[in-house]
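Enquirer: Letter by letter, the chains look like this.
Number of protein chains: 2
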Amino acid sequence: MTAADRLVKTLTKRNVYLDNTPLEETVEKYFGRLRELNAILPLEGEIIPVDDALGRVTAEPVFARISSPHYHASAMDGIAVNAGDTFKASETTPVILNVGVNAFIVDTGDPLPEGCNAVIMIEQVHFISDKEAEIISAAAPWQHIRPMGEDIVATEMIVPANHLLRPVDIGGILAGGLTEILVRKRPVVAILPTGTELVQPGSELKSGDIIEYNSRVIGGLVKQWGADPIRYDITVDSYPLLKEKIYRAVQESDVVVVNAGSSAGSEDFTSSIIRELGEVVIHGVAIKPGKPVILGVVQDKPVIGIPGYPVSAVLNSELFVKPVIESMAGASPTKGATMKALLSRKLISPQGVDEFVRVKLGRVGDKTIATPISRGAGVLTSMIRADGILKAPTLREGFEAGEEIEVELLRDKREIYNTTVIIGSHDVSLDILANFLRQNFPGRSLSSAHVGSLGGLLALRRREAHLAGIHLLDEETGEYNVSYLKKLLPGIPVVLVNLLYRQQGFIVPKGNPRSIRSFTDLAGPDVKFVNRQKGAGTRLLLDYHLRREGIEPNHVEGYDREEYTHMAVAAAVAGGSADVGLGILAAANALNLDFIPVTEERYDLAIPEEYWDTSYISTLLEVMNDSHFKRSVESLGGYSLRSTGEVVYRTGTLEN
Amino acid sequence: MTAADRLVKTLTKRNVYLDNTPLEETVEKYFGRLRELNAILPLEGEIIPVDDALGRVTAEPVFARISSPHYHASAMDGIAVNAGDTFKASETTPVILNVGVNAFIVDTGDPLPEGCNAVIMIEQVHFISDKEAEIISAAAPWQHIRPMGEDIVATEMIVPANHLLRPVDIGGILAGGLTEILVRKRPVVAILPTGTELVQPGSELKSGDIIEYNSRVIGGLVKQWGADPIRYDITVDSYPLLKEKIYRAVQESDVVVVNAGSSAGSEDFTSSIIRELGEVVIHGVAIKPGKPVILGVVQDKPVIGIPGYPVSAVLNSELFVKPVIESMAGASPTKGATMKALLSRKLISPQGVDEFVRVKLGRVGDKTIATPISRGAGVLTSMIRADGILKAPTLREGFEAGEEIEVELLRDKREIYNTTVIIGSHDVSLDILANFLRQNFPGRSLSSAHVGSLGGLLALRRREAHLAGIHLLDEETGEYNVSYLKKLLPGIPVVLVNLLYRQQGFIVPKGNPRSIRSFTDLAGPDVKFVNRQKGAGTRLLLDYHLRREGIEPNHVEGYDREEYTHMAVAAAVAGGSADVGLGILAAANALNLDFIPVTEERYDLAIPEEYWDTSYISTLLEVMNDSHFKRSVESLGGYSLRSTGEVVYRTGTLEN
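Protein chains in written order, with my numbering: chain A, 255 to 910; chain B, 255 to 910.
The reader is advised that the hints may include incorrect statements.
It does not matter which identical chain is meant; a pair holds if it fits inside one copy or across any two.
[Stated by the list, open to error] Keeping only pairs whose Cα atoms sit at most 27 Å apart, straight-line, the calculated DSSO-like set for lysine-lysine is: (1) LYS342 to LYS782; (2) LYS667 to LYS439; (3) LYS600 to LYS788; (4) LYS439 to LYS589.
No wet-lab data here; the hints were simulated from the structure.
All values reported here derive from a predicted model rather than from experimental measurement.
Bound-form chain A, shown alone:
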């Protein structure tokens, strides 16, 4: 397609109108319309063997056909007797019963012999011979007997309709004498990936190609919600092809999800097609991310167009596809567990929009701390790393730092409680540390947030982390880290433990085309630099050297372009948007770039003494001393683990 063609198309399509309907109103309007059309009624039933019914939903109440037990059963190992024969028994006047005549050996579960109405525990019977049993206390009628129907009485309801069947329910239904059961059909959800730019996973990638993984993510969610996903082939951007595909999907399924093509871009046909085939109830909801969702109906079946950004796709599915499935499946709507937490920093969120913010959670001291992470709708890893979702409601402009908020959990509460929280400078070795921690101590994990060394120390001060990773050069002493602890954490006793030494240097494209050798070269003409964010140790290192060389930062092109990790710096160089960045060898190696060493720096872990004796820290120290861990980091190159795990400094302790 030529630029002119695209322009024409763009101009033509600009009239696609996007609503901005508030979320609450959207839910009311869309689900109201679906109910009106009987489009989300519970699906009809199908009869299946009870043995296959785990996780299915009953379509009618299940009534017991037989009682359980279906006879009077002994509840103990012992002898069955008629209580009348035992009334006179006492320590002084034992009663002797005749085995096989008026005393019958029974095991737990055995039927009560004719004429018996009590069981005496074997431990309380003295067998004089194999024919005679002596007892020294009377049996009460009906003692140690499970009367018929104790568990289930025939005709009693075992589970109601619309009940999600758990293992114990399966047991109860079988005990009630049933072997088949009427359950709701599972909703079939058609998932249509659309877009000429999409390619299947494993394809050779050209610039502009996007790996089609959303349909797998949505498919997985749909499965977890109790429906059967059908993933369709990728449909290229063609109005007639997509129309034909949607029409077919409506015939073949109960719900249709189209992804993407839901915004107002130049190749977004979905809303026009749904309107042509049926009805668009709402196009555009006041949520962030995920605004351009299309909520439609075709032939009384829900058809939902979901934007292509992966975080939007997940959130929209949760908001609109899940309740549709739950309604059709007949089960109760479920909601994830929530947890109260304190927000670690101010969160600004636009009014008039329901924003869904991913947060990391950690238990530090006696508080649970929530830290917002990336808000980009395209950053799927923010969903992978998130521990929970915070909803910033439409009527608020966000939350204050330290405010108590409620978070919908994406991870088990226990896992969150067993997570060591490290905030500070980024280093690749932290990923490896996290992995070994999880491997050596199942159930434990490391959560790291990258805000630079200074940011890490400030987080310790606010008690938002168990430790901080820092590499802060003191310009005056040439020493690392210690002076910053004194300055930034006065009165807080801290143990400083070495993690490793690492080389810092210039990350440049293969062959070093701009011939970068020194800091002076960064100010050269046509050299585009990529910097780290304020507070990063690497940035302090740069500033230190620029000052020493007498170079003004504004003479370095790109000084203001900030990235948050070494990897992001390397990626900028690899992608060609920068010619050079300052960072570590591991990052350069990872992306097959060249590396000009500048200095070796010390990277330490600052650990407040109050957490020193907790398992948050002890497990971590144990992993740091594991030779597998050390070898694994050293193999990346540019690292020395000669002092790993050593205490390099302690500020004033709690005792003095």
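Starting from the known structure of chain A, fit chain B onto it as the hints suggest.
Expert: Relative to the frame of chain A, chain B by itself:
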């Protein structure tokens, strides 16, 4: 087997020694031993397609092969430009760019054309012609661009080892360029049902037969915990057969569960066999229910013998099989959600034993109330009906009424919050009401506890229920219910709503062999009666008539035998342990018994005014007015729903 044989066997086996090891010590000792033997190491990996990896656990960390995006991508629909060309643009000095020369139409996700470093949103572009685009503000470098690696940088860790894969992880791994993944093998758990008394579901039942459903329950649990269950055929009680089966199961699986044969009964071989094939670490744990569990190892594989009572089987599986599976699966141990609640009544639990008590939960007013239900190990329905499990720890003798306790949840918190709690007299129509409520209002449910009419009113006084079902005859006035409200709920305004009228009468075996016609007949020779518990309206009715006839209760054989429901009374008659009981026609019909009518009584719902306007009550009243509900109850026989839903009385209201 003759009685003598059984006796000999019983006497021989009595030397089976059962420990009473505290739970904590058991866990330490058994899992310590398993670790020592490397018997529960995470299983080795297998390579599978990422598309099939949902719910599996990673066996190694997953590192990205490619970045995502793998090129600099437009984050908006708009035009891509070089920011340098736009610096001078302002409202007064617009800049005109040439489409295809220094301005390029891009959609979201398109790669950034060569030479461009910014994107301007389409909404901020004025197209003068199809060749010329006018802009009125400067673009900042890198604005509206998703730089290469924004989401994932090649070589970055996407998920660590031992990570349970969720839909978003699948997306991230595909986005990172992988199509195959090394995941842990799923543990294979062999489940061996044993016992001559066991029969498969659907078999014709003889007295003493027990339907084999435990293996299905355990199998379902095992599946939910991430393992693959193999259910073996039933093994009859034969030492060599069982030994051969266990030996084979050890070869074919990673974990073996034998059920039952774990106690010291006369046919319980399991512990001897495990000892012969390997080692019994512990046999007998100080827990209730589930004490006689066998924890063993054969050929470095866990072999666990679980008692046959279904509640014991479930609890033992949770305590011992689940952690074994989780360790082998490599995933973090999970724990169910918990909830604080107030205990509705005193709970006595023996010291020296960890008891697991099933409770119902309900949200009444601003409190969550936990009410213990049946403690019988054989009552599987107590697990089905329970909302949670309360652990009464070994060092305590129980809990006081009103004490705050922590409950491990078996149902979704939201479901519990949407549950109407009715406590009081039992009536079959409550099951039907519960079912219609769930059907007409998905997400809502009715929880009913049967403690008799008086018990129901006392529960209202303690604010433990939203309403009570009562049928209390006032001896003096001959009127139902009203006087009891005044007496028992002084100062609490209550609305009395009629549920139905019902016939009460004598439930007798088919043909009425004892010729029961009147209350006088209950005192006849050889007539065994079965009574209801104290506080039951039916019992008051009996007492009223006995007094009128001048019959002493102790002249009625079985007056002291108490059952808690009409169905249980009917079951006692059907099972032959009683000749007659007082109850409702529906119960008699259900078990194909005869029924001699005595009187019609009014069954009302007492609803404190404070809950009158809540959805707990309004949904219930709506269902009561549903003609389907009415017809469904009437079809049981013995009911009249002529006044259902009518307010029959209001005690002093809040206003006056």
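Enquirer: For every hint, state whether the structure bears it out.
Expert: Hint check results:
| no. | hint | verdict |
| --- | --- | --- |
| 1 | LYS342 to LYS782 | between (104 Å within a copy, 21 Å between copies) |
| 2 | LYS667 to LYS439 | between (33 Å within a copy, 26 Å between copies) |
| 3 | LYS600 to LYS788 | within (18 Å within a copy, 60 Å between copies) |
| 4 | LYS439 to LYS589 | within (22 Å within a copy, 30 Å between copies) |
Checked against the numbered hints above, the structure violates none of them.
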